[in-house]
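Chain A is fixed; fit chain B onto it per the hints.
One-letter residues, chain by chain:
There are 2 protein chains.
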Amino acid sequence: MMKKKTLLAVAMMLFAAASFAQEALWSGNGAIVSPEINSDNSVTFRLRAPKAARVQVTGDFLPTENRKFDNGMSYDFPGVADLTEKNGVWEFTSAPLPSELYSYSFIVDGLTTRDPSNIFLSRDVVSITNIFIIPGDPGDLYSVRDVPHGTVARRWYSSPTLGYDRRITIYTPPGYEASGKSYPVLYLLHGAGGDEEAWITLGRTAQIMDNLIAQGKAKPMLVVMPNGNATQKSAPGEDEQGLKTPANPFANRGAARPEPPYKPKSSYELAFPDIVKFVETNYRVEKKKSARAIAGLSMGGAHSLNISKEFPDLFDYVGLFSAATITFDMGDRQDNPIYQNIPQKLKTQFAKSPKLYWIAIGKTDFLYKANVDYRKLLDDNGYKYEYFENEGGHIWRNWRIYLAKFAPMLFNK
Amino acid sequence: MMKKKTLLAVAMMLFAAASFAQEALWSGNGAIVSPEINSDNSVTFRLRAPKAARVQVTGDFLPTENRKFDNGMSYDFPGVADLTEKNGVWEFTSAPLPSELYSYSFIVDGLTTRDPSNIFLSRDVVSITNIFIIPGDPGDLYSVRDVPHGTVARRWYSSPTLGYDRRITIYTPPGYEASGKSYPVLYLLHGAGGDEEAWITLGRTAQIMDNLIAQGKAKPMLVVMPNGNATQKSAPGEDEQGLKTPANPFANRGAARPEPPYKPKSSYELAFPDIVKFVETNYRVEKKKSARAIAGLSMGGAHSLNISKEFPDLFDYVGLFSAATITFDMGDRQDNPIYQNIPQKLKTQFAKSPKLYWIAIGKTDFLYKANVDYRKLLDDNGYKYEYFENEGGHIWRNWRIYLAKFAPMLFNK
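Protein chains in written order, with the numbering used here: chain A, 1 to 413; chain B, 1 to 413.
Same shape as in the complex, but just chain A (with noise of 0.2 Å):
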């Protein structure tokens, strides 16, 4: 029989043996935790680098810095404090911090690094950041709770209208699968750049939605997230192009940069029919306008937008989160039918008094300006929405709160 001593190794040989290289074990950082939430809130960042220079951290959580640009157009850029270092370990302690869901990476001598001691990370288009969570509201929103949880299935669905299966990530409520009843649906869409993804992990769908429906102030309902880039099957990494790294729309990769792999053979909006059939027919779900939303993000509003107003007996509820409505002037995409005769098409969306139509944008957002000009255009026609205006730009922040706000006022009208 082998000894205690002996035991507890042979324990701790699994554990490590289980992991092809500890990390925090090689870089020495085991010792270290960041980062570490202070009593009053303020956050501690800490990194062992005995050989930096400098070391920054850079992140939501700073005082944000407004860039404008030639064309107009402005964004609030991440700002950048400084570490100090002592005795070969960095820190920086921040201001005490409103609740919140924040992103940030560490710079060491210019070269952007994720937290080693954090093995929270989340990824927007290219760029990956580690995350935390500061308690309070809505925080604790976006944080999972000892709540019943919903579901959340990655699966494939088949879009003849395009021309091939897609990925898709479908959220279904607690008790869904042992209930027998029947469920309204949320189409809930990305920005550009994201992918099927993108609401699950920047958006934390699954978390809102739990504590939501746990607090009793949303209904339980399926949330369905498609991928809305029409020349795509699939996040990066889930198809059969491999584990290609998207080229930074912003860098000039030139020859690296390749064609869209796939052809749709139509619109993203035109084939929404699709999803709408696969959800319907491979879940058990309530199959009528009253209890199908759309709503999305940026790009996704504009989706959500043409989608509605393209098949006017789909959804009774609407939701335009930091919507690019300025496609409506985009002249050079006469040539799909999406962009055609839209005042008939709205004025027969309108004629059909959908139960919701929900505008949100922040201040700052640089589509604040578009967003006037179409609620301008639906005040022309006395077309009835309702509008919620925050602080802030166009950034994840913002959509997860439009989310929690538009989710309670969903299927109960």
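Just so you know, the hints here were simulated from the structure itself, not pulled from any lab data.
Since this is a predicted model, take the numbers as computed values, not measurements.
In this text, a Cβ means the ideal position worked out from N, Cα and C, and glycines have one as well.
Fair warning: there could be bad hints in the mix.
BS3-like mimics (lysine-lysine), calculated; alpha carbons at most 30 Å apart, straight line [to be verified]: (1) A:Lys289 <-> A:Lys345; (2) B:Lys413 <-> A:Lys244; (3) A:Lys181 <-> A:Lys51; (4) A:Lys51 <-> B:Lys244; (5) B:Lys244 <-> A:Lys405; (6) B:Lys277 <-> A:Lys181; (7) A:Lys405 <-> A:Lys355; (8) A:Lys287 <-> B:Lys181; (9) B:Lys86 <-> A:Lys244; (10) B:Lys244 <-> A:Lys217; (11) A:Lys277 <-> B:Lys181; (12) A:Lys51 <-> B:Lys277; (13) A:Lys363 <-> A:Lys384; (14) B:Lys217 <-> B:Lys263; (15) A:Lys363 <-> A:Lys347; (16) A:Lys181 <-> B:Lys413; (17) A:Lys86 <-> B:Lys51; (18) B:Lys217 <-> B:Lys265; (19) A:Lys181 <-> A:Lys413; (20) A:Lys51 <-> B:Lys51.
Just a few of them, taken from the derived set where beta-carbon distance is under 10 Å, the chain A residues facing chain B [stated by the list, open to error]: (21) Leu47; (22) Asn118; (23) Val125; (24) Trp156; (25) Asp165; (26) Glu177; (27) Ala178; (28) Ser182.
The following residues of chain A were derived to be distant from chain B, with all beta-carbon distances above 10 Å [said to hold, decoys possible]: (29) Pro50; (30) Ile131; (31) Gly237.
Chain B only, in chain A's frame:
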């Protein structure tokens, strides 16, 4: 109407603004392609780090170093190679590599960091590394191919025996939802330190099963991947403990190492029927011994050994991958009924003639000797099993191979 040039700018802004921080933009890494798989299957790694004094790459694509420990056990440590610098860009090209899924990290002046040009990451306990795949055999089996895809669901099940609800990952095969048929089930268990994400991310289970099923080599089946740590409800970050990075088992975090937050009322092994019951009441599966398999790696191999003997009527197929058969010697755990009367329970199990009892291990695995001893015990009693031995140690490379060999043998006897 906007001009085309403006439209392009708007499109670019939509794309960029959707992202909080275009990391490659900030770090100037946009034009870097890394890793680049060359035509001879060598791989070039690149990193822009003009201020760095030394840049290295470490990973399992480099020759490993087998280190022996005082207690007689050994483990394969990944190799390290130096990159060379030119105009601020560091570069290293490997030897031509055999087909495989590989992991790597950069080390910049001693700091382990991810490759900012590669968004594909894999978490192994608290270690996060980049990954890439060299095509061929077996790499193609681990890749997403243009074949029908199964569904991967993350959900929660109730374990009255342990005393709480727990998270679980479930693969359903292509066509499951619409077929109306009932399927057999493989219960697939992770090792110490792993969780319900390990087999899906590190094990590439969905890709292996999709591909084996498409090739007609494996029967369509469910694969159920529970969390095997009884004091956990879920992988880190997926329960109400929040975004807390677990302590590194090797690091002395002292007070930072928390007590397990949950106190199970029983052991994982004794509570396993809760999982079987959940699966058989929530999924369209065949509810009989000949349609149930259980397999696991390391600690999960010990779990498979013990659960299958404890409940000798449940599983007709058993797989021990690099199994921790040393649990037999754990004299300090005799308060757990699982470790009592083992010889008698094995006798009962084998008297019922399981259809397949499969043992696999690598020649340099630190559990090799323990497996020799266990096979001797089986041989001495005339218990029938099959055995597979290959090169290498206690690593995911082997566990993927074992899954790919085990799954085709299931449910056809």
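task = Quickly compare the C-alpha distance for Lys244 of chain B and Lys405 of chain A to 30 Å and report which way the hint goes.
result = holds, 28 Å
ask   = Does Trp156 of chain A meet its interface restraint, that is, does its C-beta lie within less than 10 Å of any C-beta in chain B?
value = holds, 5 Å
query = Quick one, are Lys217 of chain B and Lys263 of chain B close enough, alpha carbons at most 30 Å?
reply = violated, 42 Å
key: Straight-line alpha-carbon gap Lys277 of chain B to Lys181 of chain A, limit 30 Å   = holds, 22 Å
request  = Check the non-interface label on Pro50 of chain A: least C-beta distance to chain B beyond 10 Å or not.
outcome  = It is violated; Pro50 of chain A is separated from chain B by about 7 Å at its closest Cβ, not greater than 10 Å.
Hint consistency between Lys277 of chain A and Lys181 of chain B [alpha-carbon to alpha-carbon, up to 30 Å] = holds, 22 Å
task = Determine whether the non-interface label on Gly237 of chain A survives the test: each CB of chain B must be over 10 Å from its CB.
result = violated, 5 Å
query = Taking 30 Å as the top limit, are the C-alpha atoms of Lys287 of chain A and Lys181 of chain B close enough?
reply = OK: Lys287 of chain A and Lys181 of chain B at ~25 Å, within 30 Å.
key: Distance restraint between Lys51 of chain A and Lys277 of chain B, which requires alpha-carbon spacing of 30 Å or less   = violated, 55 Å
query = Has the given pair, Lys363 of chain A with Lys384 of chain A, been kept, meaning a C-alpha gap of at most 30 Å?
reply = holds, 22 Å
message = What's the verdict on Lys413 of chain B and Lys244 of chain A, does the C-alpha distance respect the 30 Å limit or exceed it?
response = violated, 40 Å
Cut-off 10 Å, beta-carbon criterion: hint that Asp165 of chain A touches chain B = holds, 8 Å
Checked against the numbered hints above, the structure violates hints 2, 3, 12, 14, 16, 18, 28, 29, 30, 31; every other hint is satisfied.
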